[in-house]
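There are 2 protein chains.
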Amino acid sequence: MKYGHGDDLYRYEGKIRHNFSSNIWSHADLSGLCRHLAEHAPVGSYPTPDAHELAEMIEQEKGTVLVTNGATGGIYLLAQLFGGGESLIFCPTFGEYESACSIFGHRIIHAEHNDWSSQLDSFSNSSSERKICWLCNPNNPDGFVYDKALLLNTIRQHPNITFIIDMAYEDYTCAELPAADELLATDNAAVIHSMTKRYCVPGIRLGYVMANSNLISRLERIQQPWAVGQLAIEAGKYLIANGIGNMPGKEEYIKRAEIFRQGIDKEEGYKTCPSSTNFFLTEMDFASAAELKAFLAERHGILIRDASNFRFLTPRHFRIAAQADGENELLSDALREFRHIRR
Amino acid sequence: MKYGHGDDLYRYEGKIRHNFSSNIWSHADLSGLCRHLAEHAPVGSYPTPDAHELAEMIEQEKGTVLVTNGATGGIYLLAQLFGGGESLIFCPTFGEYESACSIFGHRIIHAEHNDWSSQLDSFSNSSSERKICWLCNPNNPDGFVYDKALLLNTIRQHPNITFIIDMAYEDYTCAELPAADELLATDNAAVIHSMTKRYCVPGIRLGYVMANSNLISRLERIQQPWAVGQLAIEAGKYLIANGIGNMPGKEEYIKRAEIFRQGIDKEEGYKTCPSSTNFFLTEMDFASAAELKAFLAERHGILIRDASNFRFLTPRHFRIAAQADGENELLSDALREFRHIRR
Numbered sequence: 000m001k002y003g004h005g006d007d008l009y010r011y012e013g014k015i016r017h018n019f020s021s022n023i024w025s026h027a028d029l030s031g032l033c034r035h036l037a038e039h040a041p042v043g044s045y046p047t048p049d050a051h052e053l054a055e056m057i058e059q060e061k062g063t064v065l066v067t068n069g070a071t072g073g074i075y076l077l078a079q080l081f082g083g084g085e086s087l088i089f090c091p092t093f094g095e096y097e098s099a100c101s102i103f104g105h106r107i108i109h110a111e112h113n114d115w116s117s118q119l120d121s122f123s124n125s126s127s128e129r130k131i132c133w134l135c136n137p138n139n140p141d142g143f144v145y146d147k148a149l150l151l152n153t154i155r156q157h158p159n160i161t162f163i164i165d166m167a168y169e170d171y172t173c174a175e176l177p178a179a180d181e182l183l184a185t186d187n188a189a190v191i192h193s194m195t196k197r198y199c200v201p202g203i204r205l206g207y208v209m210a211n212s213n214l215i216s217r218l219e220r221i222q223q224p225w226a227v228g229q230l231a232i233e234a235g236k237y238l239i240a241n242g243i244g245n246m247p248g249k250e251e252y253i254k255r256a257e258i259f260r261q262g263i264d265k266e267e268g269y270k271t272c273p274s275s276t277n278f279f280l281t282e283m284d285f286a287s288a289a290e291l292k293a294f295l296a297e298r299h300g301i302l303i304r305d306a307s308n309f310r311f312l313t314p315r316h317f318r319i320a321a322q323a324d325g326e327n328e329l330l331s332d333a334l335r336e337f338r339h340i341r342r
Numbered sequence: 000m001k002y003g004h005g006d007d008l009y010r011y012e013g014k015i016r017h018n019f020s021s022n023i024w025s026h027a028d029l030s031g032l033c034r035h036l037a038e039h040a041p042v043g044s045y046p047t048p049d050a051h052e053l054a055e056m057i058e059q060e061k062g063t064v065l066v067t068n069g070a071t072g073g074i075y076l077l078a079q080l081f082g083g084g085e086s087l088i089f090c091p092t093f094g095e096y097e098s099a100c101s102i103f104g105h106r107i108i109h110a111e112h113n114d115w116s117s118q119l120d121s122f123s124n125s126s127s128e129r130k131i132c133w134l135c136n137p138n139n140p141d142g143f144v145y146d147k148a149l150l151l152n153t154i155r156q157h158p159n160i161t162f163i164i165d166m167a168y169e170d171y172t173c174a175e176l177p178a179a180d181e182l183l184a185t186d187n188a189a190v191i192h193s194m195t196k197r198y199c200v201p202g203i204r205l206g207y208v209m210a211n212s213n214l215i216s217r218l219e220r221i222q223q224p225w226a227v228g229q230l231a232i233e234a235g236k237y238l239i240a241n242g243i244g245n246m247p248g249k250e251e252y253i254k255r256a257e258i259f260r261q262g263i264d265k266e267e268g269y270k271t272c273p274s275s276t277n278f279f280l281t282e283m284d285f286a287s288a289a290e291l292k293a294f295l296a297e298r299h300g301i302l303i304r305d306a307s308n309f310r311f312l313t314p315r316h317f318r319i320a321a322q323a324d325g326e327n328e329l330l331s332d333a334l335r336e337f338r339h340i341r342r
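In order, the protein sequences belong to chains A and B. Per numbering that gives the first Met the number 0, residue 0 is the first one in the first sequence, and the count goes up by one each step. Per numbering that gives the first Met the number 0, residue 0 is the first one in the second sequence, and the count goes up by one each step.
Just so you know, the hints here were simulated from the structure itself, not pulled from any lab data. Please note that the accuracy of each hint is not assured.
No copy is singled out in the list; a pair is fine if it fits within one copy or between any two copies.
Listed next, the in silico SDA-like pairs over lysine to any residue satisfying Cα-Cα at most 20 Å (straight line) [to be verified]: (1) 270 to 11; (2) 292 to 44; (3) 1 to 221; (4) 236 to 41; (5) 1 to 52.
Since the model is a prediction, treat every value here as computed from it, not as a measurement.
With the sequences and hints as input, model every part of the structure.
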């Protein structure tokens, strides 16, 4: 799916001043990274064909990390490797699991994640031989986090299923998540990570897959050479060593996001969905998300994510990621204003 | 194929001072581009999912260009679209056609390009339904250029074959090449272009496929979103508008490359292969390319391309791309020295 994602800033020609649309913190100080890239400017020679120097900085055990062209690059490679398989996708969730699985000829089963564990039992008993389960943890768009112990147990109980766990939002929750070595120990899980999200650099496509060395080498064989450019590799090396500036502490950020969410939940006409992350879903009872989105962009320079194209959601759902306190208030006020105008 | 390509600078930890290994001019002045990227530093927001602003700058007719993650990204997407087909590949040539076709389950036929037109007649009569012919024009590694009129006629005469023409080196020859509109008019050709090569920026992965709008939209549907990062898009926009500095005139560069080639051809023990480009193949009669490559890197800080892993070539073949005149002399002298030492 090319269009229909969040952070479609490019549609608004500079009108947007407050971006709640992408699930990241939009005020990171990236000046150190930019200075580093400008000074090193690694545009004049080929990147390593597999970005292995970056993999080596990340992996705890040799051969267990493959660097990809964004987390989405990892999703597509995994869907390709398991082409023609049977995929269980818990929804609502990031649309690219479905897109990638469709492209690579998977039979797709959509299920609600509130019933995920029992769904897996029946999936496990189905007759197909190549079974894959896609989980986003924390989940986009609702911030749901899978219970850690139950998740690890479930993975272990179903060795005939390959679990693909997208942890792109792992740095945006205080809930307990399985650790890399716990997941790798199961031997039937592959984990997708996003440096784009971790370091708030959506312009740089950089992610990685973590799995046992057998699975990684199978992925490595089907990945095109130079999938990751030299600027992205250099950015990754810098970010791992230096991080970014102006990132709020996680506890503090999640706490403020929760206060923001509860505030909106009290507004008439808006009902939010509990979340363990910095982003959350809201459903309106009086207008469509498309109308609200157009109003906010036009009148307030605010960008939100119309969530109506997530499977199992409705035209009245939208998603927002908490930003700075002053901005959060602006959005709350604008939501109230929208309701007054529309009523 | 991840390893075994040219420009493997990263193996030599700063020892290389003269790079003849990649087929590009290695002295381009990229400072304007680097300044532009540093000033704009588009790392903080998502790229357009399909880099369409760049496609629009390139395409002559709407919907006939897809921007890809390097020319290699285009090769992999095309191999995927025609997955399970029958592919005729003229060799020796760039190894990624074979790699991509293998990954996507093609039946592959290798043929020598000196006999290409008659090979196509028999291929055209084979029973398979999905026939693809891969041509690199100018060809890597030998700089062979397909006769323009014969190529266009052959494409027209075989409407049951899709021709994929990789024109990555189009800016490195004075030979006549088919124009974009001539190829598009045939309706059964897709053309791969490389901005990486055109602007001497191998660190930035940027290419595009040009084809009829039907084929482009089929490719567009299987390409992952954000396949091209924002830094690469911004670099592409800058390069199209401003080009790069210190690039020798094409006629002058090709003329000097030809003088360089003829000089090496006169050296005892080295036999070069005629080329229409800035790069050419050489075969030795007394040592392996691997030995020569190690000697040149170690003793002279010179990098060449061991060409032994190109199909139909031998362990004694290597490829070099002409560089600045003084450097070319250094390499000629070093080749003479190597022969004296080894004899």
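Now for the hints, and whether the structure bears them out:
no.	hint	result
1	270 to 11	neither (27 Å within a copy, 60 Å between copies)
2	292 to 44	between (43 Å within a copy, 18 Å between copies)
3	1 to 221	between (22 Å within a copy, 10 Å between copies)
4	236 to 41	both (12 Å within a copy, 18 Å between copies)
5	1 to 52	between (30 Å within a copy, 14 Å between copies)
Hint 1 from the list above is the single one not met by this structure.
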